[in-house]
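> Here's the letter readout for the chains.
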Amino acid sequence: MSDPKFYGAGFPYRQIDDLPGKLIVLEGSDGVGRSTQIQLLRRWLEDEGFAVSDTGLRRSKMTQKGLDKAKLGHTLGHITMSLFYAADFADRLENQIIPALQAGFIVLSDRYLYSTMARDIVRGADPEWARQVYGFALKPDLVIYLRAEVADLVSRLIHGRGLNYWEAGMDIHPSYDLYDSFVDYQSELIVLFDQFAQEYGFKSVNAARPIMEVFSDLQGHIRDLLEDQQPILEDDF
Amino acid sequence: MLRENTTPGKLIIVEGIDGSGKSTQIDLLYKWLQTQGRSVYFSEWNSSALVKSTTKRAKKRKLFTPTTFSLIQCTDFADRWENRILPMLKAGVIVLADRYAFTAFGRDVARGVDRDWVRNLYSFAIQPDVALYFRVPLDIAIQRITSARAQLKYYEAGMDLNLSDSHIESFKLFQDRILTEYDNMVGEFNLTVINGNLTVQAQQRLVREIIKNELKGWQGLPTPATGPHPQFMTDMNTGKGVS
Numbered sequence: 521m522s523d524p525k526f527y528g529a530g531f532p533y534r535q536i537d538d539l540p541g542k543l544i545v546l547e548g549s550d551g552v553g554r555s556t557q558i559q560l561l562r563r564w565l566e567d568e569g570f571a572v573s574d575t576g577l578r579r580s581k582m583t584q585k586g587l588d589k590a591k592l593g594h595t596l597g598h599i600t601m602s603l604f605y606a607a608d609f610a611d612r613l614e615n616q617i618i619p620a621l622q623a624g625f626i627v628l629s630d631r632y633l634y635s636t637m638a639r640d641i642v643r644g645a646d647p648e649w650a651r652q653v654y655g656f657a658l659k660p661d662l663v664i665y666l667r668a669e670v671a672d673l674v675s676r677l678i679h680g681r682g683l684n685y686w687e688a689g690m691d692i693h694p695s696y697d698l699y700d701s702f703v704d705y706q707s708e709l710i711v712l713f714d715q716f717a718q719e720y721g722f723k724s725v726n727a728a729r730p731i732m733e734v735f736s737d738l739q740g741h742i743r744d745l746l747e748d749q750q751p752i753l754e755d756d757f
Numbered sequence: 131m132l133r134e135n136t137t138p139g140k141l142i143i144v145e146g147i148d149g150s151g152k153s154t155q156i157d158l159l160y161k162w163l164q165t166q167g168r169s170v171y172f173s174e175w176n177s178s179a180l181v182k183s184t185t186k187r188a189k190k191r192k193l194f195t196p197t198t199f200s201l202i203q204c205t206d207f208a209d210r211w212e213n214r215i216l217p218m219l220k221a222g223v224i225v226l227a228d229r230y231a232f233t234a235f236g237r238d239v240a241r242g243v244d245r246d247w248v249r250n251l252y253s254f255a256i257q258p259d260v261a262l263y264f265r266v267p268l269d270i271a272i273q274r275i276t277s278a279r280a281q282l283k284y285y286e287a288g289m290d291l292n293l294s295d296s297h298i299e300s301f302k303l304f305q306d307r308i309l310t311e312y313d314n315m316v317g318e319f320n321l322t323v324i325n326g327n328l329t330v331q332a333q334q335r336l337v338r339e340i341i342k343n344e345l346k347g348w349q350g351l352p353t354p355a356t357g358p359h360p361q362f363m364t365d366m367n368t369g370k371g372v373s
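Quick mapping for you: the protein sequence lines, in order, are chains E and Z. To convert, note that position 224 of the first sequence is 744 in my numbering; the numbers rise steadily by one, no gaps. To convert, note that position 125 of the second sequence is 255 in my numbering; the numbers rise steadily by one, no gaps.
Quick caveat, the hints were computed from the structure, so don't treat them as lab data. All C-beta atoms in this analysis are idealised placements derived from N, C-alpha and C, irrespective of residue type, glycine included. Each hint should be verified, as a subset may be incorrect.
[Unchecked claim] Okay, derived cross-link-like pairs now, EDC-like style, lysine to aspartate or glutamate, Cα gap no bigger than 16 Å in a straight line:
hint, chain 1, residue 1, chain 2, residue 2
1, Z, 346, Z, 259
2, Z, 220, Z, 134
3, Z, 283, Z, 299
4, Z, 192, E, 614
5, Z, 182, E, 691
6, E, 591, E, 691
[Said to hold, decoys possible] Restraint-style ranges between C-beta atoms, simulated for each label pair:
hint, chain 1, residue 1, chain 2, residue 2, range
7, E, 623, Z, 191, 16 to 26 Å
8, E, 698, Z, 138, 32 to 42 Å
9, E, 747, Z, 279, 52 to 62 Å
10, Z, 354, E, 555, 49 to 59 Å
11, Z, 354, E, 679, 47 to 57 Å
12, E, 619, Z, 320, 24 to 34 Å
13, E, 698, Z, 325, 57 to 67 Å
14, Z, 325, E, 595, 34 to 44 Å
15, Z, 131, E, 749, 43 to 53 Å
16, Z, 340, E, 595, 28 to 38 Å
17, Z, 138, E, 694, 45 to 55 Å
18, Z, 316, E, 595, 28 to 38 Å
19, Z, 279, E, 591, 29 to 39 Å
Full structure from sequences and hints, please.
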């Protein structure tokens, strides 16, 4: 992305001319296997000689402690939560993602504004408001959407880390049990992700398949993106 | 655009640059309304307990950019909005706010964020029934601030904008930009301008006239027969000063 584009006004006080790196986003539901794929991608890209930086929600040092603490209490309102996540995102974008892109890195982002926007909208936020909040956000070079049905997510999570309060959206269904809430909440999010996929041009990949098959699809999309940057093909030595 | 107030409560806010005297005025107004037997709640800029530790850390380590500063302050406002201000308005209380969205519209734009972007951030908030803007010339505000305080703080002085190496000089340039933004908001948000050069008492007389007019024929939430609970009153005293 040598000519950076933003969803809105961007950062008007900051001169951002040239971003020789590439921003690649993996989107998709909780438990769909994003972090496994990011690990594989990182290894593969580094093998090919690319410098890779990765990032993901809630990793801003500025907001992490405060946001984690707020999520433990019972007073975190929906607008407040939206804005807290937007602050986390803005901090990482300005202080981590953009500098890495300036230095020519490939940035792998585990989720991006689409996930937080979908969560906000499911919790009642005005979709137009939520979109405009992220007017500072950089348009990625590639967004890959790992798509799976709720049944697949349940199966993966039950055999993995289990269902949890926030991934089940228990804050908006306090009278449901964890399972029912999870199914409802994740179904609503998938509807939104499918809409976003159209609107923002995600590349959809069927995630309900063996890990290496999914990985191979991701490699295909990324190779297309990096066409002009040939990997180092070295002879055996 | 801010939303129309459809709650049974009244929202009264004060704005102005640091040293404009607004906090003094709203404090006198608060006490006067209490004496009148009104249910009043006071909310101060940057006072959310939920966001406090984040703001403190970011200020101390100078982590803020104009965008994150804006987002964190709006997060602070949203927490007070969702947990305090809106419920109080729905109950029919008079809510007094020392600084409101207009502070963000002034300061954040002075820091360089997009005007429309920051207006959208706060678009969940209500247009106040009365918005008092205390206008003073810059040199008077600076005189008041510098005589009252040992040193201007980093962000308060707008040092993050690299306008000047001197705190005082930077503060002047920063406040001057904010003043321009405020003046442009007078028409946009129907701010009532109060001349901050008048004596404290003369200003308070004007303020009370305006509020009396606003509350004419309006009932609001009655105070209980037992009188207000002391807890309700202490909630307001969350510290004073420029935020």
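> 34 to 44 Å was suggested as the range; check whether the CB atoms of residue 325 of chain Z and residue 595 of chain E agree with it.
Given range 34 to 44 Å: holds, Cβ gap about 40 Å.
> If I claimed the Cβ atoms of residue 747 of chain E and residue 279 of chain Z lie 52 to 62 Å apart, would that claim hold in this structure?
59 Å, holds
> Measuring from beta carbon to beta carbon, are residue 340 of chain Z and residue 595 of chain E in 28 to 38 Å?
34 Å, holds
> Take the C-alpha atoms of residue 220 of chain Z and residue 134 of chain Z, compute the straight-line distance between them, and say whether it is at most 16 Å.
Satisfied, since the Cα-Cα distance of roughly 13 Å is no more than 16 Å.
> Holds or violated: residue 283 of chain Z and residue 299 of chain Z, Cα atoms, limit 16 Å.
13 Å, holds
> Within 28 to 38 Å or not, the Cβ separation of residue 316 of chain Z and residue 595 of chain E?
Check passed, 35 Å falls within 28 to 38 Å.
> Please verify whether residue 591 of chain E and residue 691 of chain E have alpha carbons no more than 16 Å apart.
Cα-Cα ~10 Å, so holds.
> Hinted pair, alpha-carbon criterion (16 Å max): residue 346 of chain Z, residue 259 of chain Z. Please report holds or violated.
Distance of about 13 Å is within 16 Å: holds.
> In this structure, is the beta-carbon distance linking residue 131 of chain Z and residue 749 of chain E contained in 43 to 53 Å?
46 Å, holds
> Take a quick look at whether residue 192 of chain Z and residue 614 of chain E sit within 16 Å of each other, Cα to Cα.
Judged against 16 Å, a Cα distance of about 14 Å means the pair holds.
> Note whether the CB distance of residue 619 of chain E and residue 320 of chain Z lies within 24 to 34 Å or breaks it.
43 Å, violated
> Is the gap between the beta carbons of residue 698 of chain E and residue 138 of chain Z within 32 to 42 Å?
38 Å, holds
Checked against the numbered hints given earlier, this structure breaks hints 5, 12 and 17; the rest are met.
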